[in-house]
Amino acid sequence: MAESEVITIENLSYTYPKAEKPAIKKINLTIKKGEFVTIMGPTGAGKTTLCYAMVGLVPQFFEEGKMEGNVIVKGMSTRKYPIQKICTVAGIVFQDFENQIFGITVEDDVSYGPIFLGFDFNEVQRRVKEALSLVRLSGYEKRTVYTLSGGETQRLAIADVLAMEPEIIILDEPTSQLDPVGKEEVFQTLENLRKKTDATVVLVEHKSEEVAKFSDRIIVMNNGKIVLEGPPRKIFEKVNELLKIGVRPPQVCELFSSLKKRGLKLNAFPITLEEAVDILSKTLTQEKIVRIQQHISTNKTAEKVNLEKPIIEVRDLWHVYPGGVEALRGVSFNIHRGEFVAIIGPNGSGKSTLLKHFNGLLKPTKGEVIVDGLNIKETTTGKLARKVGLVFQNPDHQLFAKSVREEIEYGLKNIGLSEDQIEKRIRNALEFTGLEGYEERHPLLLKKDERQRVAFASIIAMAPEIIVVDEPTTGQDFKGSERMMQMLTKLNNLGKTIIVVTHDLRLVAEYANRAIVLFQGKIVVDGSTREVFTNYFDAMQEIYLSPPQITHLARMLAKYGIRLDILSVKEMVEEVIQLIGGK
Amino acid sequence: MVFLEYIPGDSLFHRLDIRSKLLWFIAVNVLAFLFWDPIYVGIILFSVILAGTVAQVPFRRFGTLMKGLIIPMIFIVGYEALVYPGEHILFYIIPELWGFGPYGQLTIEGLFVGLTFLFRLLIMVFSSSIFTLTTPLDHFLGFLQKIRAPYQLGFMIAVAVRFIPTLQREAWMIIDAQKARGAEIEASKGFLQTIKMYVPIFLPMIINGIRRSETLAMAMVTRGFGVRKWKPLKSIKLTKIDYIFIPICLVLLFIGIYLWIKGYGVITFWGG
Numbered sequence: 000m001a002e003s004e005v006i007t008i009e010n011l012s013y014t015y016p017k018a019e020k021p022a023i024k025k026i027n028l029t030i031k032k033g034e035f036v037t038i039m040g041p042t043g044a045g046k047t048t049l050c051y052a053m054v055g056l057v058p059q060f061f062e063e064g065k066m067e068g069n070v071i072v073k074g075m076s077t078r079k080y081p082i083q084k085i086c087t088v089a090g091i092v093f094q095d096f097e098n099q100i101f102g103i104t105v106e107d108d109v110s111y112g113p114i115f116l117g118f119d120f121n122e123v124q125r126r127v128k129e130a131l132s133l134v135r136l137s138g139y140e141k142r143t144v145y146t147l148s149g150g151e152t153q154r155l156a157i158a159d160v161l162a163m164e165p166e167i168i169i170l171d172e173p174t175s176q177l178d179p180v181g182k183e184e185v186f187q188t189l190e191n192l193r194k195k196t197d198a199t200v201v202l203v204e205h206k207s208e209e210v211a212k213f214s215d216r217i218i219v220m221n222n223g224k225i226v227l228e229g230p231p232r233k234i235f236e237k238v239n240e241l242l243k244i245g246v247r248p249p250q251v252c253e254l255f256s257s258l259k260k261r262g263l264k265l266n267a268f269p270i271t272l273e274e275a276v277d278i279l280s281k282t283l284t285q286e287k288i289v290r291i292q293q294h295i296s297t298n299k300t301a302e303k304v305n306l307e308k309p310i311i312e313v314r315d316l317w318h319v320y321p322g323g324v325e326a327l328r329g330v331s332f333n334i335h336r337g338e339f340v341a342i343i344g345p346n347g348s349g350k351s352t353l354l355k356h357f358n359g360l361l362k363p364t365k366g367e368v369i370v371d372g373l374n375i376k377e378t379t380t381g382k383l384a385r386k387v388g389l390v391f392q393n394p395d396h397q398l399f400a401k402s403v404r405e406e407i408e409y410g411l412k413n414i415g416l417s418e419d420q421i422e423k424r425i426r427n428a429l430e431f432t433g434l435e436g437y438e439e440r441h442p443l444l445l446k447k448d449e450r451q452r453v454a455f456a457s458i459i460a461m462a463p464e465i466i467v468v469d470e471p472t473t474g475q476d477f478k479g480s481e482r483m484m485q486m487l488t489k490l491n492n493l494g495k496t497i498i499v500v501t502h503d504l505r506l507v508a509e510y511a512n513r514a515i516v517l518f519q520g521k522i523v524v525d526g527s528t529r530e531v532f533t534n535y536f537d538a539m540q541e542i543y544l545s546p547p548q549i550t551h552l553a554r555m556l557a558k559y560g561i562r563l564d565i566l567s568v569k570e571m572v573e574e575v576i577q578l579i580g581g582k
Numbered sequence: 000m001v002f003l004e005y006i007p008g009d010s011l012f013h014r015l016d017i018r019s020k021l022l023w024f025i026a027v028n029v030l031a032f033l034f035w036d037p038i039y040v041g042i043i044l045f046s047v048i049l050a051g052t053v054a055q056v057p058f059r060r061f062g063t064l065m066k067g068l069i070i071p072m073i074f075i076v077g078y079e080a081l082v083y084p085g086e087h088i089l090f091y092i093i094p095e096l097w098g099f100g101p102y103g104q105l106t107i108e109g110l111f112v113g114l115t116f117l118f119r120l121l122i123m124v125f126s127s128s129i130f131t132l133t134t135p136l137d138h139f140l141g142f143l144q145k146i147r148a149p150y151q152l153g154f155m156i157a158v159a160v161r162f163i164p165t166l167q168r169e170a171w172m173i174i175d176a177q178k179a180r181g182a183e184i185e186a187s188k189g190f191l192q193t194i195k196m197y198v199p200i201f202l203p204m205i206i207n208g209i210r211r212s213e214t215l216a217m218a219m220v221t222r223g224f225g226v227r228k229w230k231p232l233k234s235i236k237l238t239k240i241d242y243i244f245i246p247i248c249l250v251l252l253f254i255g256i257y258l259w260i261k262g263y264g265v266i267t268f269w270g271g
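Protein chains in written order, with numbering that gives the first Met the number 0: chain A, 0 to 582; chain B, 0 to 271.
Watch out, some of these pointers could steer you wrong.
SDA-like mimics (lysine to any residue), calculated; alpha carbons at most 20 angstroms apart, straight line [to be verified]: (1) A:K401 - B:M196; (2) A:K141 - B:H138; (3) B:K233 - A:N121; (4) B:K228 - A:D119; (5) B:K239 - B:G8; (6) B:K228 - A:F101; (7) B:K236 - A:D119; (8) A:K308 - A:N333; (9) A:K259 - A:I278; (10) A:K84 - B:L215; (11) B:K228 - A:F118; (12) B:K228 - A:N121; (13) A:K423 - A:L434; (14) A:K206 - A:D95; (15) A:K141 - B:D9; (16) A:K141 - B:L136; (17) A:K412 - B:L202; (18) B:K236 - A:N121.
For the record, the hints were derived by calculation from the structure and aren't laboratory data.
Note that this is a predicted model, so its numbers are computed, not measured.
Given these sequences and hints, build the entire structure.
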């Protein structure tokens, strides 16, 4: 083994106990000291298993699994050395950020590791102090852990590992469960680690736009194998291949790949926003610009004047929690039948509180909410459940039955349908969500994205007019997110009213026709998605809502005649082609 | 939650060692159970409330707890007043009518016994709250270590306490999710129906608990759990105030016991 190699993986295959197929197959990989390696790939590709193998959890934690090949971490074979020894050189941050925290206060939690390792009081104190400072949590020592935000909790989890002072830090999707502010905090922490330590970092991450900025090397996995490997530029060039695997490259890469296909000659390929601006601004000034005048497109799907009575009316809604927190402070809006509305805003802006009023889980402190003619103050949630289907973020908070059929049946029985109707509804819901043949499967043995679909099916089976979805894509990969959004679009086309709460503004831009922005319990903007993303671009950035990369690009190229109100890669391709008169 | 919660502060009670507070807690409760005269027990209750003020315990927080206890408390006083075989009858619940009755004599002695029970209940609630609200978990763990309890026990308690708020939050999320599917959780039905109603809430909690424990276990081994015996970061230590406080407690306890032996504090009625 060469001096600079800190992890060597030879021919590694692993099958979990009781599993039929191996989770990873014939993996060969070496990681050098100081490298920043990012692992990408769809759900179920084997990314987490590979992470576990690097710290010895695979094979040691799971008894009776089958491992072939070898993993050597700093000269230690993970077959021979105990995990508690390996963890002093390679630490891991888990995806499930909440349950890896086991201290009551921040200080407790960070000190556990060094105490377990047997360091004396002063050394423990020094390590706690240093670790907290690296993740910018100094001053939080005495805080109880459950009062921390998602981003803070995840940073604490990173500090826990740093306090072990390992040479290698492995992070398994540290941002996928976080809101945009939390994501930003974690990425800044990673940046800080890069600058201030010489740690080797292995990161599993879906957010390609961030990955492009600071990875030395990207590894793409699919079906348990490494399928692509190389520096970000080499990897992100392969746009079509990545999309086929289920990895979404940065939007600028998608743009350039499409432009090339349309015959445009571009002398370089960008992977970051800055590079794209640089290349395109040169191209745009060189080429003869066909159309100088800037035109703001008139919104083709301009709102028809809606004379019909709104299906949801919210009038001066206030909600104050016991304890005095004012979650909503005078919110008013109408939603009409058939709209596709996105409600966006940072955590703590009141989105969840608002959602829970639609089906009466919460009642207004002041003001009124009328759903399809019913005042929610006077209607039970049981009754409203027929009109409003609310799908929560985590399917594991609702699945309890022995079979998928029973799971879907539960709601239908609650609203008192007949046997025949129930049978028909179950069949339709399964067909719609692509779960035919799953009737007798046990929901808890399904994969996460399948469980999500079962939860979704159990709601739409109740045939609500209004479907409200809280974070439909959190923790899902690109294909799962697309599928979810397409199902919602299909329901929308059938005339259902769709309301989604999401942090993923790329999806909002592509799917929703209206966006309502909440901030500190008030509506700050309400309008068509295009209007909101264009006219309130800066205001949104101020509250940490970052419109998609492609909208950023349009804005930075505005002085060359690019339209400001671009929402998707497709629109940008057309705009550039038109502007420089390509074929 | 009033119990198990620690409110940071700098009062006398916050600075006392857990062992001093434990002694105080035992002394107060032993004395409350020795005496039967509500005046004696009332004095102890007053001292506990005084201690609570010193310890900066927010008495407002007991509001909800008290609301739930009001009916049982009235019941205790009323019941004792009725059944205690006292001599000084205040009045009868069912007076003498047409040679029938009287029934349900309410005696002064009975009322006193009822009050004593009430005071004891309040002493228990307040003293235990003062104890827990001013004692951080570290001190409990330090105490366990001092009495040489196995280290896993302390660690287990610490982890369990850490997850209480998480589980509470999760329970609410699950209840919301099932309500959104038309479940009528509050509606009261028969016993079996009630159990059936809660299955969709308990099952996800148990299953999530299992998932949670797996991550937790992995997080623990990857942070070196099991390499050495775990001991709390801070060990507990008696300080100057403890050396003053403990003798005072002991003296008061012995005075109380002496008075009890001498026959003070039994139910008397000085009216004659």
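Inset, instruction - Against the earlier hints, flag every one the structure doesn't satisfy and list their numbers going up. - result: none
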